[in-house]
Amino acid sequence: MYNDNNAQTIVEYIKNFTRKNSLFMLAYGTGCGAIELPATLTSRYDAERLGVRGAATPRQADLLLITGYLSTKTLKRVIRVYEQMQDPKYVIGFGSCTINGGMYWDSYNTIKLLDKYIPVDVYINGCMPRPESVIAGFKELQRLIAEGKADGATKYKENLDWYRENQKKVLKNWPLVEYNW
Amino acid sequence: MREKSTTIYLGPQHPGITGNMMVKLQLEGDTIVKAQTHVGYLHRAFEKLIERRNWMQTTTILCRFCVPEPDPPEAAFALAVEQIEGREVPERGKYLRSLVLELARIQSFLLWYAGQSGSAGLYTVGQWSVGDRNYVLDLFEELTGGRIYHMYIWPGGVRRDIPVGFKDKVLRTMDYIEKRIDDYDRMIFDSAIFQKRAQGVGIINKEKAIEWGVVGAPLRGCGIAHDVRKDNPYDAYDKLDFQMGVFEGGDVWARAKVRQFEIRQSISMVRQIIQNLPAGDFLNKMPNPMKWTIPAGSAYGKVESVRGEFGFHVVSDGSDKPRRVHARGPAYVHGVSLLEDILVGENLADVSFIMNSLGVCPPEIER
Amino acid sequence: MKTSFIKEELLFQQLATAFENVVIEIVRKETVFVYASKEFVLPILLYAKEKLGYNSFSHLSCVDWIENDEFELVYIIWSPETKINLFVKTRIDRQNPTMENTDMIWRQINTYQREIREMFGIEFPGFVGEKEFILEDWEDVPPMRRDFDTLEYVNDTFFEREGREDKQDVRERIAKRSGEEIPDFAKKYSRE
Amino acid sequence: MNTILFQLSGALATILLAFTVGMFYGGIRRKIIARIQNRVGPPIYQNFLDVIKLYSKDTSIHHGAMQHMGPVFAITASITSLMFIPVLNGDGWFWFKNLNFSGDLIFLVYMMVFGSLGMALGAGQTGNPNSAIGVTRGLSQMVGYEIPFVMSMVALMAQFHTTSITGLMNIQMQENTWLMFSNPFAFIAAVLAMLGMFHYSPFDIVHAPAEVASGPVSEFGGKYLGLMMSSGSIFAFVKLTLFVDVFMGGAANLIELVIKTFALYLIPVLYGVVSPRYRTEQAITYFWKWPLFFGILAILWASF
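Chains as they are written, first to last, in this note's numbering: chain A, 42 to 222; chain B, 9 to 375; chain C, 441 to 632; chain D, 57 to 360.
All the pointers check out, no bait thrown in.
Derived lysine to aspartate or glutamate pairs resembling DMTMM-like cross-links, with alpha carbons at most 20 Å apart:
#	chain 1	residue 1	chain 2	residue 2
1	A	K213	C	D596
2	B	K32	C	E570
3	C	K529	B	D325
Since the hints were derived computationally from the structure, they do not count as laboratory data.
With the hints as constraints, model all of the structure from the sequences given.
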């Protein structure tokens with residue numbers, strides 16, 4: 042009964058359980074959606090009861106929130122930050138502008154489609170999403186983690202060339218450093 | 009012995025930075041010898057987009073100029089357009105505008121409480137005030153339909169009238185907020201540690217304030233009485249009774265005192281507006297919004313936001329689209345060159361503290 | 441009711457006596473425009489600041505009049521005594537745009553000039569400031585010029601989510617799905 | 057042979073106890089803070105989830121040997137000091153005796169510094185300026201609080217002519233009193249120094265997020281951070297138990313120990329919730345004012 046397979050399943054289960062209940066969110070407000078994050082983390086909505094808390098540096102973080110539109114200048118920093126994070130790591134795209142450009146569909150300085158540049162696990166729509174929908178997004182991410190489906194980081198490793206190609210199309214004159222995992 | 013100097017990039021990913029920007033600091037020990045701001049991480053090319061939208065469609069973009077306080081840009085733009093067009097605003101519309109602007113000011117002050125105390129390490133006040141800010145946002149939600157972005161102020165008035173029972177709700181919320189800010193003040197202003205940290209830090213003297221064009225609470229914290237609401241009254245502010253908070257010193261403490269004084273003024277103003285709200289129309293009917301053209305001309309509309317004067321330079325060439333719209337937020341002055349200047353000689357521990365007290369808000373610098 | 445422009449008239453007189461080659465226009469209450477050629481801008485600003493008490497600088501902005509092949513620079517200054525917004529407007533050539541550096545009068549002009557240099561490509565000789573302000577690695581036409589087409593740039597550079605490229609009116613599809621009629625007032629604003 | 061096995065299992069049990077208690081205290085602290093801030097807060101076992109998750113994370117950062125050694129130094133220091141602390145007094149549970157027969161106050165005072173020094177070496181290797189500044193701040197602040205702490209300990213040693221913790225505990229049992237009443241000034245000085253030791257607000261400038269990201273641990277993620285958290289929990293237990301042993305007569309059983317340590321733990325927690333953060337030099341000035349004064353008083357009290 043207690044063969045290796047079962048033991049592994051149990052270990053996997055424990056890993057996923059702790060991962061889903063302890064999400065360290067990187068404190069990086071990339072766009073205007075960051076204004077709803079204080080509200081999400083404070084008394085009325087209190088995301089800390091779900092185990093979501095802030096982390097100061099990318100090394101410690103599991104969760105990267107792209108809070109809204111990404112200008113190309115920020116995209117560089119986001120890619121670098123994302124690559125500095127340690128596996129397993131998750132990305133939540135926050136707001137309509139990460140999904141399809143939103144109201145900035147004709148702006149020359151914002152990217153329109155986030156998942157061409159970094160893998161996204163969960164999208165939250167709305168401009169801007171209310172704290173309730175942010176929490177719903179966290180819940181959805183937790184469900185994916187529990188089922189072992191939040192595998193954006195693996196996707197990124199496997200298709201690194203494709204991602205790099207897309208990134209280079211926007212970021213000219215910018216040496217993309219070697220990604221070591 | 010020569011001290012070794014360190015370079016620290018405060019941002020763009022840094023918990024201490026107020027928004028998505030970067031300050032490159034050169035340190036000797038804990039003292040800053042050179043500071044350089046880098047902005048542009050939030051550039052969305054609003055001004056370019058506005059040139060491609062017609063006059064009515066600009067409203068969705070305008071509120072996004074400044075995220076923590078989205079109403080002053082709308083009001084400033086509306087004022088500029090009304091100046092060009094010569095359009096009158098009904099009395100009730102003026103009062104409702106002032107109501108929204110003051111409520112926005114109150115919620116922004118609450119956010120400031122969180123930033124100022126959080127950057128000093130006192131997270132409890134921040135948690136309280138941001139939590140209580142939700143009650144003000146609830147009012148917005150009921151009045152305009154949106155929590156953060158309202159798109160409520162239109163050229164010619166406001167978008168809709170107040171719902172039934174709204175007045176009572178506003179008064180009740182104001183009573184609650186007034187009771188709560190006493191608690192915050194006891195935690196912040198009575199704390200010996202906060203006093204020690206805030207006094208004598210980030211000093212702007214009077215001459216520097218004029219030379220650099222400082223506006224808003226930082227200017228009043230230098231002892232210069234200037235407030236757009238008093239100097240060039242717009243909307244209903246010439247009929248409301250309020251005072252400017254003017255304090256001497258020019259340091260973080262004086263700026264904090266100004267804000268502590270003004271949030272109470274705002275609450276009293278909201279009460280006055282609710283009591284004296286005139287009856288009548290709230291919006292001057294405008295032509296078909298899709299065919300709305302504005303005569304050629306230019307104007308500068310300015311309002312007082314929490315951080316200072318927020319101005320819009322609007323140029324129309326007579327077509328259905330704006331020719332050029334240029335915004336000037338208070339952070340445009342405070343956040344770039346002034347910050348570089350006053351950070352020199354300060355302690356690394358105070359950078360975030362000073363930035364919060366100046367109200368540096370990157371979205372309105374780069375737009 | 442006719443508005444009286446007493447303090448505006450006074451400013452008009454003061455400026456007209458001090459400068460000959462400028463056009464002054466009282467536009468509306470508390471707003472006065474001064475049209476000057478570009479070498480007069482610095483003297484006017486200095487005069488207004490030192491003699492007339494216009495010590496608060498509000499705004500510097502640039503308008504692209506591509507049909508006249510000109511850039512218009514607008515300096516807006518304000519006086520705490522008279523409360524008048526004084527607009528100093530000047531037009532410069534669009535082909536080789538240069539403008540005098542004015543950041544020694546008010547230090548905040550520094551920021552405005554950095555932005556205008558980047559967004560319109562106007563040079564300010566003698567002006568020291570970081571080259572890059574908002575943009576990074578920008579190789580195209582300065583983006584705020586009218587001849588820069590942002591939509592074309594977007595189509596060249598960025599990806600679009602599928603299903604959005606047609607930018608069609610989706611209201612009919614939504615109406616069909618929900619089984620409701622499109623109300624008449626909504627049909628009026630149809631995109632055709 | 058049996059004694060070694062016995063001692064090893066005893067040591068493991070002590071570590072497990074310290075880890076569990078420290079972790080739960082951390083969880084309760086988060087809960088208390090959340091309640092004061094009008095929130096529900098995370099469950100009190102949240103810190104366990106965090107630590108297990110951190111241990112299960114990948115680590116792919118290499119900055120050199122010292123970076124790997126830093127967290128190890130920290131946890132070594134915590135466990136070593138734990139081994140020399142008598143957990144229970146008198147004929148309390150014999151499992152937790154460990155090495156406390158030689159539990160020497162002077163040795164412990166030095167051992168408690170060792171972890172910070174190791175951490176400083178590790179953080180220095182990462183090359184992150186935030187870490188370097190955080191470490192500098194931490195060491196300067198340590199100079200601040202170590203002096204009143206050492207003075208209060210010296211006062212006790214002088215007063216009772218022993219440097220052994222067990223000796224101090226025995227004196228308290230024989231005289232049926234607590235040292236916090238025998239030498240109140242030493243207790244006050246030590247408690248004020250303890251505020252600094254815990255690195256909670258107002259003395260959290262070492263890892264102040266608004267200034268230096270998270271200070272020394274900026275570059276430590278995953279397993280390193282897990283080690284740091286475990287070490288921190290064990291160390292919290294060490295500090296609290298030491299204070300209980302020295303000033304509050306130790307504890308006869310585990311329940312008494314938990315009650316006493318928790319009461320002591322509430323002081324830094326509650327003080328931290330309502331205080332802004334001191335700057336480094338302000339913190340040092342603070343420690344060299346009242347705590348130092350009480351330390352001197354304690355020594356005078358002991359000598360006369």
